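Counted from 1, the sequence shown has number 863 at position 124 by the working numbering; the numbering is strictly sequential.
Don't read these hints as lab results, they were simulated from the structure.
Hints may contain errors.
Each pair of labels, with its calculated beta carbon distance range [said to hold, decoys possible]:
(1) Asp-976 <-> Asn-869: 32 to 40 Å
(2) Asp-911 <-> Val-970: 39 to 47 Å
(3) Asn-892 <-> His-923: 32 to 40 Å
(4) Asn-869 <-> His-961: 19 to 27 Å
(5) His-961 <-> Arg-849: 47 to 55 Å
(6) Gly-785 <-> Ser-933: 40 to 48 Å
(7) Val-945 <-> Asn-869: 22 to 30 Å
(8) Ser-890 <-> Val-945: 30 to 38 Å
(9) Gly-783 <-> His-816: 31 to 39 Å
(10) Gly-805 <-> Leu-834: 14 to 22 Å
(11) Gln-896 <-> Asp-976: 34 to 42 Å
(12) Asp-911 <-> Asp-807: 21 to 29 Å
All figures in this text were calculated on a predicted structure; none of them were measured in a lab.
The C-beta atom is built at its ideal place from N, Cα and C for all residues, glycine as well.
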Amino acid sequence: ATLLVCGAALLAVACSPQTAARQPAKLHPETAGDPSTAWTSDNGNGTYSNPLFYEEFEDPDVLRVGSDYYLAGTTMHMNPGLMIMHSRDLVNWKLASYCIDRLDFGPAYRLENGNIYGKGIWAPCIRYHNGVFYVFSNVNGAALQVFRSTSANGPWQRSELPGRHDLSVLFDDDGKIYLVSGNHNPYTIEEINSDFSGFVPGARHVMNAPGLGEGHHLYKIHGQYFDVSAVPGASTDQMVARADSIDGPWT
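Based on the provided sequences and hints, a complete structural model is requested.
This is the structure we're talking about:
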């Protein structure tokens, strides 16, 4: 798996083999003039235009497996929930699957004596390990949802862990599974059991990284640990902390 891009909103991917173009992308000729025509960002000449696609897709997490790229993002209260997108070039994206057909964790999810508008699925983390895709997403008040499948096209199996805010998961080389979460410094890094039945008792690490925000993306690259997070605000700055050990120090 390789780190590609993360943040509060997906607009373009600079590491794409294609080049961003300033001119607007053209509609497909065979459907030009048709009001149902879908937007395409691929200009057909090796360049692309923003946005990649028209979709509410905050808190994106992107993963590469071989020559394929997969993208998960916030879907809030929408059903079906937690869509997974697939691409071969980081420009042309297609729907692979939804992790869950229906969010139903109580009466408010059914519009009975309340609602969950703007809540639900937030800031998912997508990972691939030993032939299995994993998607983690916290649903406030309804636990951390864990989805597993041998294919990004599904079907997905679902289980739950205690809730954690804006988390990210790292499968480390030694078999440990780390989870970082929180929206203010210092942050907590915990370890998940190998069967995802819970957290390892007493296995807690402290990430002291002033300046980080929320929406973590935890990686290990060439032996170093990196955590990328977004600082909420109009510009949504991306901050990065790194360390030689999961216990820090983080700089």
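Hints, verified against the model:
1. Asp-976 <-> Asn-869: 32 to 40 Å: holds (35 Å)
2. Asp-911 <-> Val-970: 39 to 47 Å: violated (26 Å)
3. Asn-892 <-> His-923: 32 to 40 Å: holds (37 Å)
4. Asn-869 <-> His-961: 19 to 27 Å: holds (21 Å)
5. His-961 <-> Arg-849: 47 to 55 Å: Holds, at about 48 Å.
6. Gly-785 <-> Ser-933: 40 to 48 Å: Once the Cβ atoms are compared, 45 Å apart, the range 40 to 48 Å for Ser-933 and Gly-785 holds.
7. Val-945 <-> Asn-869: 22 to 30 Å: Holds, since Val-945 and Asn-869 (Cβ atoms, about 29 Å apart) stay within the stated range.
8. Ser-890 <-> Val-945: 30 to 38 Å: holds (37 Å)
9. Gly-783 <-> His-816: 31 to 39 Å: holds (36 Å)
10. Gly-805 <-> Leu-834: 14 to 22 Å: With Cβ atoms ~20 Å apart, the hint holds.
11. Gln-896 <-> Asp-976: 34 to 42 Å: holds (36 Å)
12. Asp-911 <-> Asp-807: 21 to 29 Å: For Asp-911 and Asp-807 the Cβ distance comes to about 23 Å; the hint holds.
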